[in-house]
Amino acid sequence: GAGVSQSPSNKVTEKGKDVELRCDPISGHTALYWYRQRLGQGLEFLIYFQGNSAPDKSGLPSDRFSAERTGESVSTLTIQRTQQEDSAVYLCASRLAGGASYEQYFGPGTRLTVT
Amino acid sequence: KNQVEQSPQSLIILEGKNCTLQCNYTVSPFSNLRWYKQDTGRGPVSLTIMTFSENTKSNGRYTATLDADTKQSSLHITASQLSDSASYICVVSVNTGGFKTIFGAGTRLFVKA
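These protein sequence lines map, in sequence, to chains R and C. In this text, residue positions in the first sequence follow the working numbering: the first is -9, and each later residue adds one. In this text, residue positions in the second sequence follow the working numbering: the first is 264, and each later residue adds one.
A hint or two may mislead.
Stated by the list, open to error - Just some of the chain R residues that point at chain C, by a computed CB distance under 7 angstroms:
1. 49
2. 50
3. 96
4. 98
What the hints contain is simulated information worked out from the structure, not anything from laboratory work. Just so it is clear, CB atoms sit at the ideal spot from N, CA and C, and this is done for glycine as well.
Kindly generate the complete structure, drawing on both the sequences and the hints.
Below, the structure is given as C-alpha cells:
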C-alpha cells in the first residue's frame, strides 16, 4: 500500500517568504507528526495531531510556524517569513493510533533551503 | 530531563565486519525503545522495537539489546554490507498514555568496500 508522501520534495525560497509543506499520511492512520531535521542533527519534534483532539504544538519553535490537519487526512505545515535557520528537512510521520507501541511511518521529507 | 544519547557519532567499518552502536537514555516512565535506520535523503524506517520485558530482538543481521536496569541499548550489525551505510537512530517512547517519543541524534555508519 501507499506510504506517507510529502510535497514538494525540495523547496528553495527567499528569506522572508512564506512556505507551505504538505503531508499525506497512510490512510487510516489517526496520528500524524511533523519533525525538523537540520543537517547532521537528530529529529526535532514540532507538532502532533491525534484524531479530533487538540494538536500538541509544544515543539513549534516560534509563532512563524503553524500546522493544520483536515480530519484524519492531509496536513500542511506553514512557515511564515522564513529565515535562513529554517533551512532543514521537514519530516512527516503517521501512526495507526495514539499508543506508543505503534510504529511511526515516515515520509521522505521536504528539503527546505532558505536563501 | 528525558534524553537519549547515542555513541559513537560516526563510525567507519569495512564490508563484512561487525559493529555495535550504543544508546543510553534517561527517559521515564519507559514504554518502549526502537532502532530506526535512515538512509540518506529518506525518512527513518523502524528496525526493532523492545518493551521493558524484552532484552533482545533480532531483524536479520540486526540484533538489538536492552538493559532496562542500566537504561542502555545496543544495536549489533553482523557481516556488514555497503547498504548498511546510513544513520541509526535510537528512539524511546514515554509511557504517559500519550504520544511522546524522544529521538537520539543518531550514529552515522559508513561501510567501505
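Now for the hints, and whether the structure bears them out:
Because the smallest distance between the Cβ of residue 49(R) and any Cβ of chain C comes to about 10 angstroms, over 7 angstroms, the interface hint for this residue is violated. Proximity of residue 50(R) to chain C is violated relative to the hint, the smallest CB-CB distance being about 15 angstroms (cut-off 7 angstroms). Hint on residue 96(R) holds. Least Cβ distance to chain C is approximately 3 angstroms, under the 7 angstroms limit. Given hint, residue 98(R) at the interface with chain C, holds; its Cβ is 6 angstroms from that chain's nearest Cβ, closer than 7 angstroms.
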